[in-house]
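Peer 1: As a plain string of letters, each chain reads:
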Amino acid sequence: MVSIRKGGRKSSEDYESTPFLAAWWTYLSLAILVAFGYLRDFLRRIGLDKNHSADGRKNMKEFVPVSFESFVDRNILKRVNHCVSRPISSPPTVEVDVLERTSDDGNWHFRLTGRKRRCINLASYNYLGFAENEGPCVDATAHALQLYGAGVCSTRHELGNYRIHEELERTTARFLGVDDAITFGMGFCTNSMNIPVLVGGKGCLILSDEKNHASIVLGARLSGSVIKVFKHNDIDDLEEKLREAIINGRPKTRWAWRKILIIVEGIYSMEGSIVKLLEVIRLKKKYGAYLYLDEAHSIGALGETGRGVTEHWGVDPRDVDIMMGTFTKSFGAAGGYIAGSKELINHLRAYSHSTLYACSMSAPVAQQIISSMKIIMGEDGTDKGKLRIARLATNTRYFRQRLREMGFIVCGDEDSPVVPLLVCVPAKILALVEDLFERNIACAPAVFPATPMTEGRIRMCISASHTRQMLDKVLDSISELGDRMQLKYSL
Amino acid sequence: MEQMDRTQPKDSPRVPVGTMGDGGTTYSGVNPNAVWLNSRGIWLSYVIAVTILHLILLSIPFLNVAQAWTLTNVVHNIGNYIFLHMLKGTPWETNWDQGKSRLLTHWEQIDFGEQFTTTRKFLLLAPVILFILASFYTKYDPLHFVVNLSTMLLVLIPKLPQLHGVRIFGINKY
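Those sequence lines, one after another, are chains X and V.
Count along the first sequence from 1, add 17, and you get the number used in the numbering used here.
Count along the second sequence from 1, add 98, and you get the number used in the numbering used here.
Hint data in this document are derived by calculation from the structure and do not stem from the laboratory.
The hints are all genuine.
Here are the computed lysine to aspartate or glutamate pairs in the DMTMM-like style, where the Cα-Cα straight-line distance is at most 20 angstroms:
1) Lys271(V) to Glu86(X)
2) Lys276(X) to Glu256(X)
3) Lys248(X) to Asp209(V)
4) Lys245(X) to Glu212(V)
5) Lys186(V) to Glu86(X)
6) Lys186(V) to Asp58(X)
Derived DEER-like restraints, expressed as beta-carbon distance ranges:
7) Phe37(X) to Phe214(V): 19 to 29 angstroms
8) Glu33(X) to Phe267(V): 42 to 52 angstroms
9) Leu151(V) to Asp122(X): 28 to 38 angstroms
10) Leu254(V) to Arg62(X): 28 to 38 angstroms
11) Leu239(X) to Tyr272(V): 25 to 35 angstroms
12) Met394(X) to Ala147(V): 52 to 62 angstroms
13) Gly64(X) to Val226(V): 41 to 51 angstroms
14) Ser507(X) to Ile176(V): 40 to 50 angstroms
15) Ile176(V) to Leu50(X): 20 to 30 angstroms
Using N, Cα and C, we set each Cβ at its ideal position, and we do this for glycine too.
Looking at chain V on its own, in the form it has when it is part of the complex:
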């Protein structure tokens, strides 16, 4: 389990720079994946998106409130895991960094590998708050608790700074 370097030095610019939209390549720039979660209004949009997901699940007639909350928690955590910890690299071409970000998951690319930034704290808090809400609305039922806790741990453990760049048993390495 080896540690990986950061993709950019700490004092890099915070904004991507590039040519016009001709194939999305940016020559002189930095990885937009590192900074777009700091964009204006993205956190509120994230909260609104989760709320809309929850309202959709609540409106399905055969689910009761407890199941809807647990499902919201589970769907959110699975989405969080897939997009932040499973998909590696960037969906656009990165000619400038010689493939350094190709092996990094999105979580590892955020803020160029710097730990404990506010975006990372927000993304860490979101599953925790959902877990607390889900526990409350499921009235602390044991089965729901096990499901909610395991998905929350699935999402929280990869976010620990000790696990930056770590690939257990070589899963998802390349």
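Chain X with its partners taken away, still in its complex shape:
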């Protein structure tokens, strides 16, 4: 489903569904895994299989039996365990040193072999390449470390409000093109601590996309409002739910809702899809709702000058009531921000749980964000920022186009730097990740039950620092392995 938008931007994120044969192999794989899981559990119970880690703790043996709930973890996920949570020993730049591990008891415990493998990093959210440990950003950060120290030792309300925090907030507001911004030390807590402050109290409704991040879900639940979930990026479903909510009013009393808040993300990290922002804003204006946009992955990564999904669609940032984002991905730092009108930010400054109880952002981290933001905006006098953004855009388009030409099913919008590759069968996902690691390429797998049963995938994150040779090497490896494992599902 492709639709033409103003400015020639198309939303083209629908991907082909899994071919029937791949789905059938997936079911067969899972059935075999489940059958062997039951067999192994039986052997462990009668004592033939002596893996004591699976038994549970010694002092709880007669008290708490090994539960059915850990069946998938014990029998299926432990087989994939060596491909997740791999320790690294270098900064997560374009290449990363992954420490090799072996296991003597079937992936229950690992020990380091002492060897390192330098891999092309396709697993870190390093979109603009600011995760490096040398350069002007790092020099400024080291200077800030000497000036302010590492810790802040206080909350924003008490003694933790430094000049650098205020400079960071002014820079962020200028970067986004809004009145004011407020920053927090942790990206997750930016959502979970502030959504309750914005829609707390009775009579509020939250309309949340089904694939929203856990921080948004937690914040929505903590706020105590009624939560309705609409299908992922489905504007018709959102409109239907909005209409139903407004017509029916609050549960039981049928009064009007005090506030309706639509929460969407800029880029969804597991799907790679970009929100249909023009349509959401049209709906928001038509029905009088508020919009909360979480740009965790899209800030810095989309748009001509890196201003995020609002620039990607050509939308005035003042149309979005609450703009939220994190500094972890494109800026190579930590923390999050919320930006919007002055009234909104003044309210958050006074009432946010994070400014009251959580320590503020560490000063060197704030300096890293300020330096990287200035580079992106071009305020450091060079055009390095522009080059990074351009390289990310070319890398993304090249990578996705080549994968599509090869015949893979790739999810998500064609401008999104998050590239999930559909590899449905669990055994093939494992094999692909292992073989790519053998060829010094590191990426992340995702299997059922974290994804739908027939949509197991590997996820790759493109960075501005990836060179054309690296991408070609990755593409050639994926193509070769794809031919061998018959992963080129696209018709």
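Got chain X; can you put chain V on it based on the hints?
Peer 2: Relative to chain X, chain V alone:
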């Protein structure tokens, strides 16, 4: 015999969402048990699996056709009963729903407790069609009929909407 609530409101998303495969936990998501029977191609796979079971039973030399059909029916129904009506909860951890689905069988979790969905109708039809086929191929022999009918009733009765969440004599309650 008390009725239990649904685990999710009716307008919940139809697709599970979650973190990457790190222990299979999904924080923001819904119970994958409710939706995986709607996946692409699962019904045909179910039919193919039953067919393969039947072919295996047919190839055992000392069973005649009638016995093979009855055995297929019985094995299918027992498997159906165990996996849909006896096992409770989920084989993965459900941190998000505070244990609501721990007391529900898989049948009660399907489509978040909504009745008369197409998946439920399919799972209701499967034992009926097998019973009809088995009756035909056993030439309506009385003994085979009793066996086939009793296993079919064993599987059909728990699927009635009136028995949603019902635990007779407290069997299988916790």
